[in-house]
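Protein chains: 2
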Amino acid sequence: MQGLHIEIVFGKDERIGPGKVRLLELIAEKGSITEAAQAMSMSYRKAWLLLDAIDKLFPAPLIEKRVGGHGKGGATLTPLGREVIRQYRAFEGKCQKALTSDYPVLTDVQPDLRD
Amino acid sequence: MQGLHIEIVFGKDERIGPGKVRLLELIAEKGSITEAAQAMSMSYRKAWLLLDAIDKLFPAPLIEKRVGGHGKGGATLTPLGREVIRQYRAFEGKCQKALTSDYPVLTDVQPDLRD
Numbered sequence: 001m002q003g004l005h006i007e008i009v010f011g012k013d014e015r016i017g018p019g020k021v022r023l024l025e026l027i028a029e030k031g032s033i034t035e036a037a038q039a040m041s042m043s044y045r046k047a048w049l050l051l052d053a054i055d056k057l058f059p060a061p062l063i064e065k066r067v068g069g070h071g072k073g074g075a076t077l078t079p080l081g082r083e084v085i086r087q088y089r090a091f092e093g094k095c096q097k098a099l100t101s102d103y104p105v106l107t108d109v110q111p112d113l114r115d
Numbered sequence: 116m117q118g119l120h121i122e123i124v125f126g127k128d129e130r131i132g133p134g135k136v137r138l139l140e141l142i143a144e145k146g147s148i149t150e151a152a153q154a155m156s157m158s159y160r161k162a163w164l165l166l167d168a169i170d171k172l173f174p175a176p177l178i179e180k181r182v183g184g185h186g187k188g189g190a191t192l193t194p195l196g197r198e199v200i201r202q203y204r205a206f207e208g209k210c211q212k213a214l215t216s217d218y219p220v221l222t223d224v225q226p227d228l229r230d
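Protein chains in written order, with the working numbering: chain B, 1 to 115; chain Y, 116 to 230.
These are computed hints drawn from the structure, not numbers from a lab. The reader is advised that the hints may include incorrect statements.
[As the list claims (entries may be wrong)] Straight-line alpha carbon distances no greater than 30 Å define the calculated DSBU-like cross-link-like pairs of lysine-lysine that follow:
1) 209(Y) / 56(B)
2) 30(B) / 94(B)
3) 46(B) / 127(Y)
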């Protein structure tokens with residue numbers, strides 16, 4: 001099994017899933033929305049739209065833009081942004097563990113797909 | 116929150132998620148692939164492709180076609196098919212419970228999205 005794809009669904013277009021969480025992680029790592037988007041082979045516009053969607057979802061901002069010197073400024077995560085990543089990854093790990101220990105039929109697939 | 120969308124990912128195109136599970140549930144309920152597809156506003160062809168994908172995933176068939184009298188025959192789930200549904204829904208329920216009890220930040224969203 002490769003893993004779980006978990007989305008928390010709040011409304012038709014309001015979701016938190018692996019794509020948005022990965023984007024946040026890359027912003028934390030690279031300090032730049034542009035570089036995070038590039039690392040996901042995503043346009044800056046697409047990344048900006050995802051971040052805008054996240055910001056509308058939570059009660060406070062998850063990222064903070066820094067005004068740069070030359071060209072585009074960087075971006076960092078707020079404490080809430082870091083906590084969202086931490087809890088999402090912990091939740092995902094917990095579900096993964098429950099799946100492999102308690103629901104054997106769901107992962108008992110064809111031998112070449114098992115790992 | 117509306118709920119969780121959980122897919123178990125085995126390979127690029129090999130996944131079990133809410134769409135396939137719902138289709139299986141509707142086949143169990145209606146005894147017919149045609150009627151199950153209609154209930155999901157899905158073409159018979161699309162339903163057939165999903166069922167074919169599921170059959171390639173698991174080590175034994177999940178559905179059994181019955182040869183009908185007039186027109187198309189019906190379909191029922193095998194014991195494995197019923198068990199896949201049961202375990203998927205139980206797994207989903209367990210993750211849902213863990214989410215709301217242990218990862219408060221992930222569901223503490225804008226007031227109008229909370230239910």
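Structure-inconsistent hints, enumerated in ascending order
none
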